[in-house]
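Enquirer: Quick mapping for you: the protein sequence lines, in order, are chains A and B.
Okay, so the first sequence: first residue is 1 according to this note's numbering, each after it adds one.
Okay, so the second sequence: first residue is 293 according to this note's numbering, each after it adds one.
These are calculated hints, taken from the structure and not from any lab test.
Hints are not guaranteed to be accurate.
What the hints assert, rightly or not - Simulated restraints on C-beta separations:
| no. | chain 1 | residue 1 | chain 2 | residue 2 | range |
| --- | --- | --- | --- | --- | --- |
| 1 | A | 180 | B | 335 | 34 to 44 Å |
| 2 | B | 331 | A | 107 | 49 to 59 Å |
| 3 | B | 305 | A | 273 | 42 to 52 Å |
| 4 | B | 342 | A | 149 | 44 to 54 Å |
| 5 | B | 332 | A | 149 | 47 to 57 Å |
| 6 | B | 316 | A | 214 | 18 to 28 Å |
| 7 | A | 102 | B | 307 | 44 to 54 Å |
As the list claims (entries may be wrong) - Lysine to aspartate or glutamate pairs mimicking DMTMM-like chemistry, simulated, CA-CA at most 20 Å apart:
| no. | chain 1 | residue 1 | chain 2 | residue 2 |
| --- | --- | --- | --- | --- |
| 8 | A | 16 | B | 342 |
| 9 | A | 133 | B | 308 |
| 10 | A | 16 | B | 325 |
| 11 | A | 16 | B | 319 |
| 12 | A | 133 | B | 341 |
| 13 | B | 329 | A | 33 |
| 14 | A | 133 | B | 342 |
Backbone N, C-alpha and C define an ideal beta-carbon position, used for all residues, glycine too.
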Amino acid sequence: MRPFAVAASRVRFEEKQIFEALDRRGVRSTHIDPRSFWDGAIERKGAAPRDDYAAVLDREIAQTRGLYLARLLEAAGVRVLNSARASETCADKIRSTLALRAHGLPLPRTAAALTPDAARAAARELGFPLVVKAITGSWGRMVSLVQNPDALDAILEHREAMPSPQQRVVYLQELVDKPGRDIRVVVVGGRPLGAIYRVSPSFRTNAARGAETMPCPLSPELARLAACAAAAVDADVAGVDLVEDREGRLLVLEVNHVVEFRGFAAAHGDRIDVAGAIADHLVAPADAEVRT
Amino acid sequence: MPTCPECDGAVVVAADVRLSEIVECAECKSELEVVAKDPLVLALAPEVEEDWGE
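The shape of chain A in the complex, shown without the other chains:
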């Protein structure tokens, strides 16, 4: 009976909850620390599939490591949640926006510019104020509210001075006039579990930046959009962020593939068991094999 593995270099509230949920279900589990992971069969065509894990839940906090971990394990025949494909899409704002658009989801007006100069032209088209985001990154980092062309110039000059070519690709988005909050929906296995408001006086309403969380009713439209967004990026486990505009219309902002749910748990208490749903979804296809 092979164990299910949770891969995480940092065991936080969420990973502990998932381990405990697996324990409660009588499922054997183990921990992979991606910092010590290596695969020696990468060059061997026809190498025997790995048989050490029934499946792996990729909870790696470092997105680059998490992506390559998923790629290596999948190439070795291991089922990984979320898949490398989902991680790759979600970790890149341009890729994920294209995937969401391809599925017809409502999005804020957005532009992607391949140089800072092109970003100036894109901003003139979008209008001010707008939001500039790094194409990779999370927790609201490198997300700037830009009120006018002078502020944009300052940000773009910093971008031009950065060593990574990725930082010179610019993602621009209209500033949605939201009611001081955004919405996070947790979706597992295509099923929206529930929603929270993330409330903050800042335009960045990330829980990681200290936003207060409170329960949000999961309306049929919210559930439909969240499930569709998770499917658009192929994420089995997803934190879908949405925002309401001035008319109350819901717009999808992004999908997070290593969803943090401490703020969700603070809002909903034990009424919604996110860790349990993740554990059930991880175990489901091989359930009979692993009961101890």
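Once you have looked at the hints, place chain B on chain A.
Expert: Frame of chain A; chain B shown alone:
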């Protein structure tokens, strides 16, 4: 009781602590990582990197 590698203060750690779990030193507020369990060893937790997130 394990001690904080930063300030040498005593750190209270739950009995069911896991490897790679992050605990905080009550005295200096450093984030510490559990790098061994038997015996319990704490090290300064890694700094947040550019690609960390959800």
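Enquirer: Could you tell me which of the hints above the structure violates, numbers in ascending order?
Expert: Hint check: 3, 4, 8, 9 and 11 fail, others pass.
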